[in-house]
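*Asks:* Letter by letter, the chains look like this.
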Amino acid sequence: MTINMGPQHPATHGVLRVALELDGERILKAEPIVGYLHTGMEKQAEYKTYTQSIPQTDRMDYLAPMSNNLAFCLAVEKLLGVTPPLRAVHARVLLTELTRLASHLVWLGTHAMDIGAMSMFFYTFREREEILAMYEQVCGARMTATYFRVGGLAHDLPVGLLERAQDFLDRLPGHFEEYTALLSGNPIWLARTKGVAVLPRERAIALGATGPMLRGSGVRWDLRRNMPYSGYDEYEFDVPVGEHGDAFDRYLVRLEEMRQARRICLQAIERLRAIGPGDYRLRDYKYVLPPKEDVKTSMEALIHHFKIVAHGFFPPQGEAYQGIENPKGELGFYLVSDGSPKPWRMKVRSPSFVNLQTLDTMVRGRLVADVITAIGTLDIVLGEVDR
Amino acid sequence: MTPLPPGRVEERLRARFPGVEIRRQEGEAVRDLTLFVPAASLVEIATFLRDDPELDFAMLSWIAGVDWLPREPRFEVVYGLLSLARAARLTLKVALPGENPRVPTVTGVWPSADWLERETWDFYGIEFTGHPNLKRILLPEDWSGWPLRKDSPLGYDEVAFTHNTSERVKPAPELTRLKPKKVRTRAR
Amino acid sequence: MTDPHGPGPANPLRILGDAAPPSNEAPRAARDETGALRSDLERNVLFTTVESMVNWSRANSIWPLGFGLACCAIEMMAALGPGFDLSRFGAEVMRPSPRQADLMIVAGRVSVKMAPVLRQLYDQMPDPKWVIAMGACASCGGVFNNYAIVQGVDKIVPVDVYVPGCPPRPESLIHGVIKLQEKILASRIELGPARFQKRRGGAA
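Chains as they are written, first to last, in my numbering: chain A, 58 to 444; chain W, 44 to 231; chain Z, 8 to 211.
It should be emphasised that the hints constitute simulated quantities derived from the structure, not laboratory data. Heads up, a few of these hints could be off.
[Stated by the list, open to error] Derived BS3-like pairs: lysine-lysine, alpha-carbon spacing no greater than 27 Å straight-line:
1) Z/Lys-186 <-> Z/Lys-162
2) W/Lys-193 <-> A/Lys-399
3) A/Lys-399 <-> W/Lys-136
4) W/Lys-193 <-> A/Lys-105
5) W/Lys-136 <-> W/Lys-178
6) W/Lys-136 <-> A/Lys-105
7) A/Lys-86 <-> W/Lys-178
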């Protein structure tokens, strides 16, 4: 018997459709059918300048928007061969780790809600509201931030952000205790997640899984540690690795990642305080907008501003790929430039797209209820899968 | 995790496949190691890269198609490989002609290529011979055309403003005839 | 009779007689028999029109269909979550099945592949039904104007309220729901068999 789950379904985290072939309650084959949110972002990027494509990236993995911005900006900076100033680098780390926290909080809330623990949703969204308030303080938007630019940040960090972040991070361990107390020893949670949705180690690598999917299966691979970018090599943090590759291990990995993200944020705040006020954007006016005060007083700055806004900057002819450790896995942008202000090709290596291929491996031979657990533990975002 | 010395991948490949034309992509702004390989030897080279204990490119990270219209060869299929043991990336490229582009599938080497090749088929119409399930994945199944090719339009829908629309659009008659009750929304 | 609260959506009930005095005093009609009857009536009998009653109950207990597509879905979830609590306004239960829902909040961009599914879900909803187009993508295509996105969900289903934003804040969504409630309260309903209805329009 073949039944269809979705695309409108309360537990598919968006418009995912899964065609399940069943024998009674046992699953013979699970085939995800995607494309219900296909937005044509890669085609549209060929018609927009690099800076105009940054808002599009927010809408891909909309649970970790600044992480997407970071990946794109790093890819363009790699193509140009520039590095932003230190203040921008560490501000990016701070905000990206806060984004990781926000993304994992949504994951935890919705995964638990799907399995039946409804109250987790309310607890984690309460914490997430505070992170969104910080987003709003920084750039004005709660979710779709578009805060990073090629060469740095759009505007400087606002006064009071570091204190607010510090205060939030100080209260966070108490919340983590709440989550652990509610779930980690809960017999229902253990029954629903231990031994469920197992992804063996070799299969994970062969299928291209990355992020907590890979680490939960016992592979110690984290791009922040193994192929560092944006100053991560100066930070101290642990990379949690699971053992059995089941949903419970991935839950523990993500919970620990939240704690490590908090640790990185605290170090970033210290570093930003040590660096003090300074340049938040590169002063290379061929590619980056000059500061507004200069635009009003200097002719060259005015011309640079005009050229960059009206036409966009002209990168060299070439290509670059930059992958970062998104909360969901390896998010990468492959940019091909033909020398014009618009990219010739922008390809998004989306972690959820590749991770979703593992669904069939994880649920074959299991019961239908395990499909829900498997989709939850995959932590997919359909905006990213379909682009 | 010992890193690979620079040039080692190319050296090993040329030593193992002496007759095959392997060309490195030159360019000041080509930021990653990119090698052009012919389509006919792709699967052999891929298997070697995966199984060799020194190189160990165990993961296929991404596949992209690029359309270079009007240049020939028109299409490029770009494979992004990742070696976890050596923390190294490698980009392989296969150049294909514009007429009937086809390349053998690497799903036998890396199962992650399954959906990645389907996506490239969906966008460009590049056929991956031997693929177990080459159907459209992101676009509707009955879609005709290859949207990411440079000769396919963006599909931009011209928005009607007063400066580009000559006639005022009148509302439909049935909407003007009804008069809803006046709602008192504030207490008196 | 004067009605200090006025007819209308805030109080669709017209209460016979003046408003009752504060309860510290003894009821003034206690000794008088007709007065007792009158005060009983005042407390227990309400007069209104069926239309007001029906509209009031429809407006204050809207059941949304859980139809989150993209980023706006997350703000919709935030609107239902703590902090912005949409259930204060009656939209407590989010029904997963279209057969039990009466409001479809299209939260997110509608791709060409999803459009027939959306239309089918809309057709499966029983009357009366309303649609809120949440966000710029559902209203007009938003940031994306290309081959893959339907430029506005009103090309497929009739929309009652458009909520702009990318994504709209949860307060904006709540404002949209309140506007929809006002629209429902102002609408005309049809009673009786369809063949006796002279005009179409209103809540159906």
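*Asks:* It remains to establish, for every hint, whether it holds in the given structure.
*Replies:* Hint check results:
1. Proximity of Z/Lys-186 to Z/Lys-162 is assessed by CA-CA distance (about 22 Å); at most 27 Å being required, the pair is judged to hold.
2. Distance restraint check for W/Lys-193 and A/Lys-399: the Cα-Cα separation of roughly 14 Å lies within the 27 Å cut-off, and the hinted pair is therefore satisfied.
3. As the CA atoms of A/Lys-399 and W/Lys-136 are separated by approximately 22 Å, the hinted pair is consistent with the 27 Å bound.
4. The straight-line distance between the Cα atoms of W/Lys-193 and A/Lys-105 is roughly 14 Å, inside the 27 Å bound, and the hint therefore holds.
5. Note on W/Lys-136 and W/Lys-178: the hinted pairing holds, with a Cα-Cα distance of about 23 Å set against a maximum of 27 Å.
6. Among the hinted pairs, W/Lys-136 with A/Lys-105 is consistent with the structure: their alpha-carbon atoms are about 26 Å apart, no more than 27 Å.
7. Distance restraint check for A/Lys-86 and W/Lys-178: the Cα-Cα separation of roughly 18 Å lies within the 27 Å cut-off, and the hinted pair is therefore satisfied.
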